[in-house]
Amino acid sequence: MSGSARTDRLWRWLTLAPALAVLILLTLVPIAELVAMSVHEIVWRSGESQWRFIGLANYVALAGDQLFGAAIVNTTLFAAIGVSVQMVLGFFLAVFTSRAARGQIIYRTVFLLPILMPGIVIGAIWKLMYNVDFGIINQVSGLVGIPPRDWLGEQSLALASVIAVNIWHWTPFCFLLLLAGLESLPQEAYEAARVDGASPWQELIYVTLPMMLPTIVVTLVFRLIVAFKVFDEVYLLTGGGPGTATEVISFSIYRRFFTEDRAGYGSALAIVTLFAMALAIVLAVTALQRRRVTA
Amino acid sequence: MTTNTKGEGLVTILPTCGRLAAAAALVLTLALPTGAMAQKQVPITIVINQSPWFAGFAKLVEAYEKETGNKVTLDVNPFAGAAEKQRNSVRSKEGIFDLLPMNSAYLAEFYHGGFMTPLNEIDPAFKLDPQVIGYDDTAWWDEAKKANSAKTGKLYGVPINGNVPILYYREDLYKERGLKVPATWDELLANAKALHNPPQIYGMVVRAARSASDISYDWMPYLHSYNGSVFRDEKSGDFTVVLNSAEGKAALDRYIEIAKSVAPPNPGSFGQAQVIQQLLTGKAAHAMNVIAAWSQMDDPSRSAVVDKINVAVAPRAPNGQHAPTLGHFIGGIPKNIPMERKKAALAFLAWFQTYDNQVKYAEFGSPPVRKDVLESPMSKERKFRFMKALLDSAPYARMMHTIPEGAQINAVLELRLNQAVIGEQTPASALNLAAAEIRAIVDKGGYKTGRLPDLK
Chain U
1045 MSGSARTDRL WRWLTLAPAL AVLILLTLVP IAELVAMSVH EIVWRSGESQ
1095 WRFIGLANYV ALAGDQLFGA AIVNTTLFAA IGVSVQMVLG FFLAVFTSRA
1145 ARGQIIYRTV FLLPILMPGI VIGAIWKLMY NVDFGIINQV SGLVGIPPRD
1195 WLGEQSLALA SVIAVNIWHW TPFCFLLLLA GLESLPQEAY EAARVDGASP
1245 WQELIYVTLP MMLPTIVVTL VFRLIVAFKV FDEVYLLTGG GPGTATEVIS
1295 FSIYRRFFTE DRAGYGSALA IVTLFAMALA IVLAVTALQR RRVTA
Chain C
51 MTTNTKGEGL VTILPTCGRL AAAAALVLTL ALPTGAMAQK QVPITIVINQ
101 SPWFAGFAKL VEAYEKETGN KVTLDVNPFA GAAEKQRNSV RSKEGIFDLL
151 PMNSAYLAEF YHGGFMTPLN EIDPAFKLDP QVIGYDDTAW WDEAKKANSA
201 KTGKLYGVPI NGNVPILYYR EDLYKERGLK VPATWDELLA NAKALHNPPQ
251 IYGMVVRAAR SASDISYDWM PYLHSYNGSV FRDEKSGDFT VVLNSAEGKA
301 ALDRYIEIAK SVAPPNPGSF GQAQVIQQLL TGKAAHAMNV IAAWSQMDDP
351 SRSAVVDKIN VAVAPRAPNG QHAPTLGHFI GGIPKNIPME RKKAALAFLA
401 WFQTYDNQVK YAEFGSPPVR KDVLESPMSK ERKFRFMKAL LDSAPYARMM
451 HTIPEGAQIN AVLELRLNQA VIGEQTPASA LNLAAAEIRA IVDKGGYKTG
501 RLPDLK
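Heads up: the sequence lines are chains U and C, in that order. If you want the numbering used here, it's the position in the first sequence, counting the first as 1, plus 1044. If you want the numbering used here, it's the position in the second sequence, counting the first as 1, plus 50.
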């Protein structure tokens, strides 16, 4: 190896080292600690923590955990329905904004407003709007003869109501990323399509969508990750109830870890969730890369 | 500190007789009650939850600061958040909080965990004022027996709030209809039916939501008054789960009947805030709620039912005793803070428990913890009409859980009871499931346990 190659290599490691150190300290060490906790039963006696090794018992117990089962089903529904609607809405809002002849800045500002609000404010606003007695949703629906509903209290409506809030909250995120993608598309392809006599709809289907696919997949993956981690909206609106109607994975972990003070079992839940999410991301990215290679 | 420096300066310049006088003054100062020593303390931080009684407590802290010049910082959180912060602080090398108002739901965890300081290790002369209500001996802890006992245990705290659930009822409507204050759940149901006129007013609102502690706390007075319990005999170490007994089933049936026949729709989504809201807006004729919510009832800026509500001891089963469940707070001092901060926290507690300051506490809108204040002439004033119900409830009040696994047990109860109310489980299956799950928890904890056969 030549002297300059060695210097290059050393320099690469030196510049990488701070980021690597931060990654190890803030990500890998906590995960390693989480793994260690997940194979122990941890109790506190005489002011000291006592760790008892129990092997995979916490992971085995997961299989019979009905609450966690309900949380997986609800979270999957939450993510699948919520993110699908957000992607579609976000895409059409982005197309509309990018094609608007005037007022683009106003549209962008208005469409982005929900994502700028803190979760606690969103929770408070929607809790008031959903209120069965004086919420604006029941007042408006009452004008057209629909009887008032307890949007957050009825089992059949609670999850849908929380998903609606999530859609309102996160559609701007999809809008923002997809708009950035749309604006970076080469105009030559559109010009060629128009020369060939393509209608606006055909442009959308045969030009925009294929070229936008990488952006769409990245946005989808980002949103799915965040949707699977949903916590604040459930915590603020329903607390996981009624029954298990809005129990979601993050809230289940929170309850076990903090409310019930079961650090070992809570860690096992967290590790399983982390592993499942990581696997989903790897699969999505691999699929995307394969598609690029094929294309 | 400033006071000490000034004292030393004085001593050095005074002649001999003056020194004697100063020494005598010092001795007299030392002999004064701890509350009077509150003037020389380091700042303290109290981590506390934003409960209905918090406003009164905050005002009393302001009065303490004004009177003594000591600094108190309040770290205010939602209920579960305060408990988490307390837990994290006592488990760290040095705690950041000096006084922990520990809720009854977490008391066992703090005591069993060995996180708290016996108050007499801070000041051997400190005593809980005999007029302060004992709340099932929960301010004392016997480390050897792992039990609360005023006889054999050490004093670990001072009650800061004496929350018990009491029956809120519309006194104006009672007078209008000539109803009698109910002593039993059956009488309550009959009165609730008489006043039930939805959607204008509901006969009763129940706190049946699933959270850290809603429906379990709301239902426990039914269970205990029907002579049921979670365990056969916790105090003697028998943790056989008897929740799914005939008594337990009768208590749950009665609760569900009330929830379904005279409560607003979807009672399974009503937490404490919703119950208070229903009372304040005049939509509930009755509710079981903590005494701490009282101050809002007569507040014209919040309430549409000013002077229309009164309170009574929690009803009982026809053949049972009243059994309000303790939801109180004990102010304790952690082990892992420096002694000067422990002394400062104890100085606050000593000041807090005095008669005059408990009167102020009541005037600020929080229920006092002293018996003599509850019996004082102020209890006859219309404004303080809650005091009699609180005093009458005290002898019956009992703990919900006495073991550190209480939070896990509560989580089970919250889920299964809520499912029973919303119809996801039948009462029998909800109790059977809860009993099996609770048995697994105590079994894992190494307690002597077992459980009843499943209810049919």
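Careful: at least some of the hints might be erroneous.
Unchecked claim - With a straight-line cut-off of 25 Å between C-alpha atoms, the simulated DSS-like cross-links for lysine-lysine are:
id : chain 1 : residue 1 : chain 2 : residue 2
1  : C       : K385      : C       : K135
2  : C       : K310      : U       : K1171
3  : U       : K1171     : C       : K385
Everything labelled a hint here was simulated from the structure, so no lab data went into it.
Can the restraint linking K310/C and K1171/U be considered satisfied, given a maximum Cα separation of 25 Å? holds, 24 Å
Is K1171/U close enough to K385/C, meaning Cα to Cα at most 25 Å? At roughly 41 Å apart (the allowed maximum being 25 Å), K385/C and K1171/U break the hint.
Given the hinted pair K385/C and K135/C, is their alpha-carbon gap at most 25 Å? holds, 15 Å
Against the hints set out earlier in the document, a violation occurs for number 3 only.
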